[in-house]
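Produce the entire structure from the sequences given, and follow the hints as far as they go.
Going down the list, the sequences are from chains Y and A. For the first sequence, the working numbering assigns the number 496 to the last residue and increments by one with no breaks. For the second sequence, the working numbering assigns the number 496 to the last residue and increments by one with no breaks.
Honestly, the hints are just simulated from the structure, not real lab data. Any given hint might turn out to be false.
No copy is singled out in the list; a pair is fine if it fits within one copy or between any two copies.
To be verified - Derived DMTMM-like pairs: lysine to aspartate or glutamate, alpha-carbon spacing no greater than 20 Å straight-line:
#1 K98 / E131
#2 K394 / E131
#3 K13 / E102
#4 K9 / E38
#5 K13 / E38
#6 K9 / E102
#7 K431 / E484
#8 K185 / E218
#9 K13 / D57
#10 K132 / E207
#11 K165 / E70
#12 K165 / D154
#13 K21 / E309
#14 K21 / D396
#15 K190 / E332
#16 K66 / D76
#17 K105 / D396
There are 2 protein chains.
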Amino acid sequence: MESYKTLEKVCRKLNDINQAKAALHWDMSVTMPAGGAEARGHQLATLTSIHHAILSDDGVGELIAKAKSEENKLDDWQKANLYEIGKTYNHTASVPRKLAHELTKEGIACEMVWREARAANDFNMLKPRLEKVVKLVREIASIKAEVFGCSPYDAMLDQYDRGRKSAQIDEVFDNLQAFLPDFIKAVVEKQSSQPKITELKGLFPVEKQKRLAHKMLETIGFDFTRGRLDESHHPFCGGYPGDVRITTRYDENNFLSAIMGVQHEAGHAMYEANLPQRWLSQPVGEARGMSIHESQSLLLEMQVCRSKEFMEFATPLYRDTLGGKGKAWTPENLYAICTKVGPSLIRVDADEVTYPAHILLRYYIEKYILSGDMEVADLPDAWAQGMEKFLGIKPDSDKNGCMQDIHWMDGSFGYFPTYTLGAIYAAQLFKAARESSPAIVEGISGGDFAPLMGWLKTNVHEHGCRYSSEELVQKATGKGLDVEIYKEHLKARYLG
Amino acid sequence: MESYKTLEKVCRKLNDINQAKAALHWDMSVTMPAGGAEARGHQLATLTSIHHAILSDDGVGELIAKAKSEENKLDDWQKANLYEIGKTYNHTASVPRKLAHELTKEGIACEMVWREARAANDFNMLKPRLEKVVKLVREIASIKAEVFGCSPYDAMLDQYDRGRKSAQIDEVFDNLQAFLPDFIKAVVEKQSSQPKITELKGLFPVEKQKRLAHKMLETIGFDFTRGRLDESHHPFCGGYPGDVRITTRYDENNFLSAIMGVQHEAGHAMYEANLPQRWLSQPVGEARGMSIHESQSLLLEMQVCRSKEFMEFATPLYRDTLGGKGKAWTPENLYAICTKVGPSLIRVDADEVTYPAHILLRYYIEKYILSGDMEVADLPDAWAQGMEKFLGIKPDSDKNGCMQDIHWMDGSFGYFPTYTLGAIYAAQLFKAARESSPAIVEGISGGDFAPLMGWLKTNVHEHGCRYSSEELVQKATGKGLDVEIYKEHLKARYLG
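In structure tokens form, the structure reads like this:
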């Protein structure tokens, strides 16, 4: 037990450093003046290198080996914890420090150039920098593939969703690829024949929108003594259990953009807030990867807050807080606005139905790039072809095409599929929750989210990393990843 | 040179950790929700112990010795930097890690109990915890005394004001002790025979006060792209060059409390903002200890912003921003309010004249306690006697007596005298600045602080830690610590 206990101590220290970094990142996005950027960069780099040095120390490897040899003395939580520690150690220690450092450095440089290149719509400016990043990522992925005995792409996936295999994603995404294009067309056609949407016109003062956002979060169950709501350029959920911090941005012409951001981030926040208390300083106490995290944000934003039941509760709240009047402010009209479908160029602005098509495109491309079957130079063409194929539209520029996302710039390959895996899990989890008790849907239309949050806490949040994503969803719903339930949800909502 | 260069690298890392801690402290005081307290405590403790481990490593000691043996190869800045590194190393490495850790732990525990004990006015609740802290501080001070070859109290002083000796403070404070009691009486008598002050009545909305604080900071030269102004329970100046953060608190019945807080903290902030650019990551690039730091805040708050010249500029600004009308809003009346003198129980609420009396009391007591000539149990009596002697009033309770300050609770003995040393230096520096050019005082009455700030930057700020406090003031004014100049200032302002 002693080796295991020593590992827990090391993890507490690593957790402190990670939390400090999270707080500094939040500050960087929300409160830091421009003059602090350089110093903050140095602080984060130093904390990262200290974290790396502590974790990848040979002594830690020996402790893990020793603890594994005595694993029979550990309980289930401890075993799961040891498994996570070993995985994180291997991900870190397997990559030579110089190589890891080079990727960090090149990633920052590439992101900088990307900002400029995107603004100037100049792919050739970005190309050489992104090629450097891709070269390093390929190198790292093949080292990790060796260590984990899997494909390079699966080794990258494992960073974001422990144990996820691309073979499973291929199957699901091929299914979606066959389904989506025709489905999108059918939905667009159906919606074009429906009564016209009445736009929500008006100027919505930021102060009123903030009050609305607060009320929404309180309804959802967000605890303001253990978290905050602020503004930032891109909405995000930061912090850690006990101090979970959501941001959104306000547009005085469009309050739905802020409130939907809040609903999405609240899903992440409630997950963080409800992680297992006893294990908060340990890897097993963390959230179970990006697919499950996204399932929580999408469950709230898409499954719940775009449902007809939610509109019953939300419409008077929106109306009263913002002073809305007239025929635009009915549950039916708000529902129509929130479920409007149409192909568009930008992923982050996409609706629920076309969003996965954007993800399919990125998934196939990043797999080809990682395997060497595609080069950075091929990106603009591949993008145009993919958009045509999946969404029936062509990018008007690289800026609104292959340069729109930040992910690849710092080497985050393997991240994109988790958005759609999350959307699928969200459909499965919400179905199981609904079927567990009528109080859940009744609660939503009555503004009482406690039954839903109770179910999520018991079935998802408080398990931390004890199970894999698949095991977790299996236990909660009786099934692993099931794209058919997701498709049923889309069909019911959009063609029902 | 190589040993020295390696030391610079170590210092950059230590600086990153210290800055990260500073940012986390700011967040703790300004933005953190209550639920984040426990995690933040762990984060700060871990960063402190990492900092301690890096700094007190034997290798660092060897590098310092090697660099010192090749000191002739270094320029003046580098030599001063090496001196500071050596001092910091000795302060840290000389104290056994266990002992340092125990003081940190007991200090936190004592502070917690102090909050409760003070609220309950229960000295006996505090006593055993403070005794533990005092025992540890005595132990640490005697270890450091051995290392530095000085008295234990001087070893503590050295932490806050490098090289300061209590023999010098004794002389100056004995002088003040002989001067102050009669002087205070004379001022109170004189003021009682002067025309009555007209109170500033009115409710001053926080938003208006904030606008006033912003304008004041802009006038002083504070750069909001490299700093912030926020609210916290106690005003402070945090952050670091490039990202200097001031806080204040707002009272809707008394706008002067917020604006004076801002003026005080702005003095600290301008010092930090103007530290030598080239040396920002090194000890020599830091501010020159607490006496000089306080000289900068008091120069602005007391010397400048309570002067008649300043009132000429500030009165219309206060009037316009806050909508003040009538005879209370004249430069003469505002000056009378800001220079009102009267003995009171609480140090932080004291006026310019009685403030040093509070410091004398604390200085003598903490010296006796450290030497063992006084025990914690003697505090209430000693306090009552001292207040009677220095200010002619008796504390109505321990809460408003010996339990009012936080400093001793975490073992900060040797800090108090720097407040009054700062006040003395402030008088000296402002006199030298005024005498250097008439533009400085003209600027103040015209709302142009650039001449004053230029003088302070050149003569104080941009020297960092290159000189000792005494050398710095000597170079700037032609004289070391000179209590007579301070007394002249008090006499001119209050009996002139």
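Taking the hints in turn, this is what the structure says about them:
no., hint, result
1, K98 / E131, "within (18 Å within a copy, 51 Å between copies)"
2, K394 / E131, "neither (24 Å within a copy, 76 Å between copies)"
3, K13 / E102, "between (25 Å within a copy, 19 Å between copies)"
4, K9 / E38, "between (32 Å within a copy, 17 Å between copies)"
5, K13 / E38, "between (26 Å within a copy, 14 Å between copies)"
6, K9 / E102, "between (29 Å within a copy, 19 Å between copies)"
7, K431 / E484, "within (12 Å within a copy, 82 Å between copies)"
8, K185 / E218, "neither (38 Å within a copy, 58 Å between copies)"
9, K13 / D57, "both (14 Å within a copy, 19 Å between copies)"
10, K132 / E207, "neither (45 Å within a copy, 50 Å between copies)"
11, K165 / E70, "neither (29 Å within a copy, 59 Å between copies)"
12, K165 / D154, "within (6 Å within a copy, 65 Å between copies)"
13, K21 / E309, "neither (39 Å within a copy, 47 Å between copies)"
14, K21 / D396, "neither (38 Å within a copy, 47 Å between copies)"
15, K190 / E332, "within (16 Å within a copy, 77 Å between copies)"
16, K66 / D76, "within (17 Å within a copy, 53 Å between copies)"
17, K105 / D396, "neither (32 Å within a copy, 62 Å between copies)"
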